[in-house]
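S.K.: Build the full structure now, drawing on both the sequences and the hints.
Residue numbers (the numbering used here), protein chains in the order written: chain A, 1 to 223; chain B, 1 to 224.
No false leads were slipped in.
If you want the footprint, here are the derived chain B segments under chain A, 3+ residues with CB under 8 Å:
#, region
1, 147 to 159
2, 167 to 175
3, 179 to 191
4, 201 to 210
A few chain B residues that face chain A, going by a derived Cβ cut-off under 10 Å, partial list only:
#, residue
5, Arg162
6, Asp198
7, Ala213
8, Leu214
9, Leu216
10, Phe217
11, Gly218
12, Tyr220
13, Leu221
14, Glu223
The hints are simulated quantities; they were obtained by calculation from the structure and are not laboratory data.
The beta carbon of each residue, even a glycine, is placed where N, CA and C say it ideally should be.
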Amino acid sequence: MTKTAVYTLLVCVLMGLSAYAAFYVAPTEVTMGLVQRIFYLHAPSGMTSLAAFLVSFVGSVMYLLTRKPRWDWLAVSSAEVGVAFCTVVLLTGPIWAHPAWGVWWAWDARLTSTLVLWLLYVAFLILRTMMEDDDRRAVVSAFFGVFAFLDVPLVYGSIWWWRTQHPQPVVFTSAGLDPTMRKVFYLSWLSLLCLMALLIRQRYELEASREELRMLEQELEAR
Amino acid sequence: MKLLSDTAVLLQKELRAEFRSHELLTTASIFILIVIVLFSFTFDPTTAESKQFGPGLLWLAFLFSASLMLQPSFLKEKTNDTLSALRLAVGDPFAIFLAKLCANTIFLLVTELILLLVFGVFFNIAVMPVFWKLAFVFFLGSLGVSTTGTALSAVSSQARMREVLLPILLLPLLVPVLIPSAEATRALFEPDHALRWDWLGILIAFDVVFLTALWLFGEYLLEE
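M.R.: Written out as structure tokens, the structure reads:
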């Protein structure tokens, strides 16, 4: 078996375990009931998307400094994966919000800032499709990647200040979250982080093969 | 020092080009006016609501017009093929950005202040007692808009579909400018006319962060 196959299998097992834990191990929340269990997918996905955007930011900065194409591949791969996780947050958020708050979308601080974050990185991906030249695309999108990531704390800060209706974070504080719930939460986050790493790696390989193909084509044309 | 003198020369060039043609200032003013008039059909501008929604609408109009107005900033250098000449002329490429963003801030501020008076008349809001405080809020907001907008105009000028691309890149990035600017403007229309430093703090942070980022990474955008 190849390394990728082993790792994929590992991620599948982890995902299965955390799904089992979210449904059968974690206790049912008293006020929100069963629907609260979506929290084990919703919140860790949000944190995982932020982690992916952080990786993309590192890739962008490193590309601008070193000009090695592999940093550009890392930046685009992790931005795409981050957008995917962000989409999960935006889809699961309303599913939770409807029974809990009575509306699908409440324009609350965290959901709104996640939406803005999603828009920023979708813009990043659109920008990449609008550039023909590989090198220019890499430079320009790395620059935008840096701007987008620097904007994240400001977006969160300003929207937070503006309106807060979201349940306050209970994961990192000592009180509030049941110990079993906390363990299940961390297990889900770990499995999603592993999934993120797997997806970024696969996407990165795709980018590398594309580059190889381009080189071969060039070589063929030269003959 | 070289940076400042280069910037001053380039800024003169930008201002002279604009004040000869008046292209940006007239079109942007008319655009904002159209948006304000159109907004008046979506709610009743004579009610107390105009004080509540007015500042937000005003800032939305500013951002929309900025996303169109900043478009030519680098595009004209590209079409006239003058960017490489500019790069050869200055020591630090940051001077090009600095000159353009100063010019754009001035253009934005001038159109905003003209339109502010029109807004005050249309929406029955007394703007004169707080004019200088408003000008300060508008300056901080416009500086943020033109810093990011000028940089992204250099980005979009290199891409296809650039007319649509710039607003798509710029507007989500400007959420941390829109909220504090609109809130600080609204606070100035309240009876006590207070300058809200919590909101202005976010605006200043935005300006400092993006000016620094542009200073560090801007030169990569100007490569051939």
